[in-house]
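Each chain, letter by letter, is given below.
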Amino acid sequence: MSSFRERAAQDIEARGEDPGVLPLMRQLVVDSHAMLSRAPADAAQRAQDARTHAVDNMARLHAEVREKLAERSIGYHRAASAEDAVAIVELLLGSAKRVAKSKSMVAEEVGLTHALRNARIDVLETDIGEYIVDVDGRGPSHITAPALHLNRARIRELLNRTGASLDTDDPEQLSRYVRDVVGDYFTRCDAAITGANAVIASSGRIAIVENEGNVALGVSHPRLHIVITGIEKVVADEAGALSVLEVLAANATAQPLTAFTHFLGEPLPGQERHVVFVDHGRSAIAADRRYRDALRCIRCGACMNTCPVYRAAGGLSFGSPYMGPIGAVISPLLWRDGRADDLPFASSLCGACTEICPVGIPLHRMLLDLRGDAVEDHRAGNRVERAAWAMWARSLGSGRRGRMAERFARIGIKAAGLAPGFGRLVGKRLPRSGARHSLDMLRASAPQAEPKPTTVPPAIPDTGLPDLFRARAGLLGVTIAEQATLQEGDRRLKATAAIASTGSVVLTGEMANRRELLAARRVVVDLDPATIVEYPHQVEPYLGDGDALILTGASRTADIEKKIVRGIHGSEELVVVMGEGEAERRGS
Amino acid sequence: MATVGLFIPCYMAVARPDDALHARRVLEALGDTVEAIDGLCCGQPAFNSGFREEARRVGRQALRAATDVDTIVVPSGSCTSMIRHYLPGLFERDRRRTADIRSRRFVEFCSYVANHPKRESLELSLPGVVAYHDSCHGRRELGITLTVKDLLGSIGELEVRTLTHEDECCGFGGTFSVKFPEVSREMSACKLADVRQTGARVLVSADLSCLLHLETAAREERLRIETWSMAEVLARALP
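The listed protein sequences derive, respectively, from chains A and B.
Each residue of the first sequence is one higher than the one before, counting from 1 in my numbering.
Each residue of the second sequence is one higher than the one before, counting from 1001 in my numbering.
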């Protein structure tokens, strides 16, 4: 089994002069900040409160959600281990042999795809990024952008290896190719598996976010839809879920909200729906006060986006489906077999993760505790390192004091023989310099490089919610019209409400029929300006009590080099008709 | 005026003992009587490596030094953060309180100078250009970024240039750089590229540990960059 260091060294070596994911991550963090600045000042606090409540009340919330899911005829299942999770899913699949799977970190964690394939079930990864890394075979390198480490040329090569004949590297063409493969599979698969971002205790609804539309196809599979998620994902109510989703999208991908925010009510007629809650060590994490808060995680990926170690080493180096700071914290807690015990040490403890985490997980402090635990349980620190630190402590921890330089030199010399790395640290590694700095260097400066021009975001109208909605939706490529002429293939819908700050429209009940929505050439939504709220968490009263769908711009992906491609599963044209009158029904 | 302790961090005593003298000069210019505390370590190297018991034994000595002194100035953000934020947590309940009280007597050097009643009396001037490196411990654990920048900005004739990615770690991380040299090197290369674009030849920080790491990396890359601690900059800016 290789170590983090070996994997990282290999990755860095292989990359050569290529900066890897660094420029993309830097930009993403900047964009995320800009997007978060649109949210109300207490958005992160609300998300944190919702998550803390979920983690601190797991038993009670599960009792409640179990009942509510039953009322909606949705199956509740609980898997103690990864093996249990796979066994339950296999049982639920019954005779289903072709399964369309969308992105789920928990599925990745329990090795679901691999296990089902071993059981001779055909599984297709339907998220474009997951599809690509599945072909690649080395797993995802980021929790929200799995194929982040692969460039367009490499992706084309991979796809052509599976029988495609792509003659371009254009992310749009590559994305559409995978879209077509996935779309075709959805017409003939026997079941769909998705993850979940929140399961709501008070209503038994399931909240899932996505951009492409493959989840929309999955949750509306005519026969069988299985949700796999962690036991910590049950939140109290819709407002809590919305608070979480708002900071999730901004942090993960610098979007106001994802293109689709699904709230699932009853199964469709003829459809069976089940939720599999996976424990896999989470109960033990919840029982340890030092690590419990790690279960607040909403899997936004902000900690890895900002992490200098992640940026330098790449996600694959972590050797876990959970990479970056949150991965370094939870991987050794989920897998107690030692495979991830070196991850807590793979951090410079700069604290950027703790600073950015929207739900307030003190990640770098947890890493310190995990290091202490690993040393205490003899899962880290070999004999030589132990002896070196003991010697260090004996020398510096005694009441006798001498000049530090001399004491240090003594340990350094001894340690150099015992543990070269340690000796380097206390002795040779420290350069002796600075004794004679001259003032000349202060004057030897060159002119500073011109800063890159920063793009100024468009001014925000403060003339009321309808104008704000127009501006925000416009930025997402949504057409705002006073009236619309309907054309063939249009699907015309009536919005229940809209969210100004994110430019989203809310569809409920029959209006949320996903398959019809995706099949439309163009989606035209009538919106009554009186139903516009400012922020996502305020939309709860408009969500009804069954199916609901929040549309935020058109179906899209950014799985290839973070380039946005619109119109994946579903129309790239979304028209919102705002005005006194309804859309005029003319045309063919 | 006041009598203060000057905690000389272990790595400073070994690698750049002159910085302790620089710090002393600045404190004396403020009218303080300085009592040097050498031969002690905050325990951070062991603590960050997971060796909590060893860290406690070593850090305990540093806390003892605060028994009779009200203020101990520490010319290192990372030692200050270790002592104030982490060291007390290594002690059992009854001793933790004492450790906590004593740990609060340790004050980071730049904050101490910036908040000193006689600060305005210092006539600081140093002609030239420097780039400022914000250390992670100073920025995130102690929250002193603005204090340090303000102090640096108060030096006459000195142009201070800002790094584009100021909030990014230099890649030191103590034993991290020894355990993961390849990753650490990537990180310091990023930081040095940023330093280079400022055009400044002198890099300044409140944390000498970052600077020593970056200076080693710069030498490997054959970059002509000097690193100066805040203590040195201030001392040399004195009349």
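Please note that the accuracy of each hint is not assured.
Claimed, not checked - According to the in silico footprint, chain B covers these stretches of chain A (three or more CB under 8 angstroms from chain B):
1) 8-20
2) 273-283
Said to hold, decoys possible - Derived list of chain B stretches under chain A, where covered just means 3 residues or more per stretch with a C-beta under 8 angstroms from a C-beta of chain A:
3) 1013-1022
4) 1025-1031
5) 1040-1052
6) 1070-1077
7) 1092-1100
8) 1183-1189
Claimed, not checked - Each pair of labels, with its calculated beta carbon distance range:
9) Asp1100/B x Thr52/A: 21 to 29 angstroms
10) Ala164/A x Gly1153/B: 56 to 64 angstroms
11) Ala1002/B x Arg436/A: 45 to 53 angstroms
12) Arg379/A x Ala1193/B: 54 to 62 angstroms
13) Arg386/A x Arg1064/B: 24 to 32 angstroms
14) Gly1199/B x Asp528/A: 29 to 37 angstroms
15) Ala1193/B x Glu355/A: 20 to 28 angstroms
16) Glu355/A x Thr1033/B: 32 to 40 angstroms
17) Gly1153/B x Ala284/A: 24 to 32 angstroms
18) Gly338/A x His1165/B: 30 to 38 angstroms
19) His1165/B x Ser165/A: 37 to 45 angstroms
20) Arg1064/B x Ala446/A: 21 to 29 angstroms
21) Gly1153/B x Gly546/A: 56 to 64 angstroms
In short, the hints are calculated from the structure, not lab data.
Small disclaimer: the values here were computed from a predicted structure and weren't measured.
Where a beta carbon is used, it is the ideal one built from N, C-alpha and C, also for glycine.
Do three or more residues from the segment 1183-1189 of chain B put their C-beta atoms closer than 8 angstroms to C-beta atoms of chain A?
Three-residue rule met by the segment 1183-1189 of chain B, so holds; n is 4.
For the segment 1092-1100 of chain B, does the count of residues with a C-beta closer than 8 angstroms to a C-beta of chain A reach 3?
Coverage by chain A is violated for the segment 1092-1100 of chain B (0 residues, Cβ < 8 angstroms).
Consistency of beta-carbon spacing, Gly546/A to Gly1153/B, with hint 56 to 64 angstroms
Holds - the Cβ-Cβ distance for Gly1153/B and Gly546/A, about 60 angstroms, lies within 56 to 64 angstroms.
For the segment 8-20 of chain A, does the count of residues with a C-beta closer than 8 angstroms to a C-beta of chain B reach 3?
holds (count 4)
A range of 24 to 32 angstroms was offered for this pair. Does it hold for the Cβ distance of Arg386/A and Arg1064/B?
holds, 26 angstroms
If you check the beta carbons of Gly1153/B and Ala284/A, does the distance land in 24 to 32 angstroms?
violated, 50 angstroms
Mind taking a look at whether chain A covers the segment 1025-1031 of chain B? Criterion is 3 or more residues with CB to CB distance under 8 angstroms.
violated (count 0)
Using the C-beta atoms of Gly1199/B and Asp528/A, is the stated range 29 to 37 angstroms upheld?
violated, 58 angstroms
Check whether three or more residues of the segment 273-283 of chain A sit with their beta carbon closer than 8 angstroms to a beta carbon of chain B.
violated (count 0)
Could you tell me whether the CB distance from Ala1193/B to Glu355/A stays inside 20 to 28 angstroms?
holds, 23 angstroms
32 to 40 angstroms was suggested as the range; check whether the CB atoms of Glu355/A and Thr1033/B agree with it.
holds, 38 angstroms
Falls inside 37 to 45 angstroms, the C-beta gap from His1165/B to Ser165/A?
holds, 42 angstroms
The structure fails hints 2, 4, 6, 7, 11, 12, 14, 17 and 20 (numbered hints given earlier, in ascending order).
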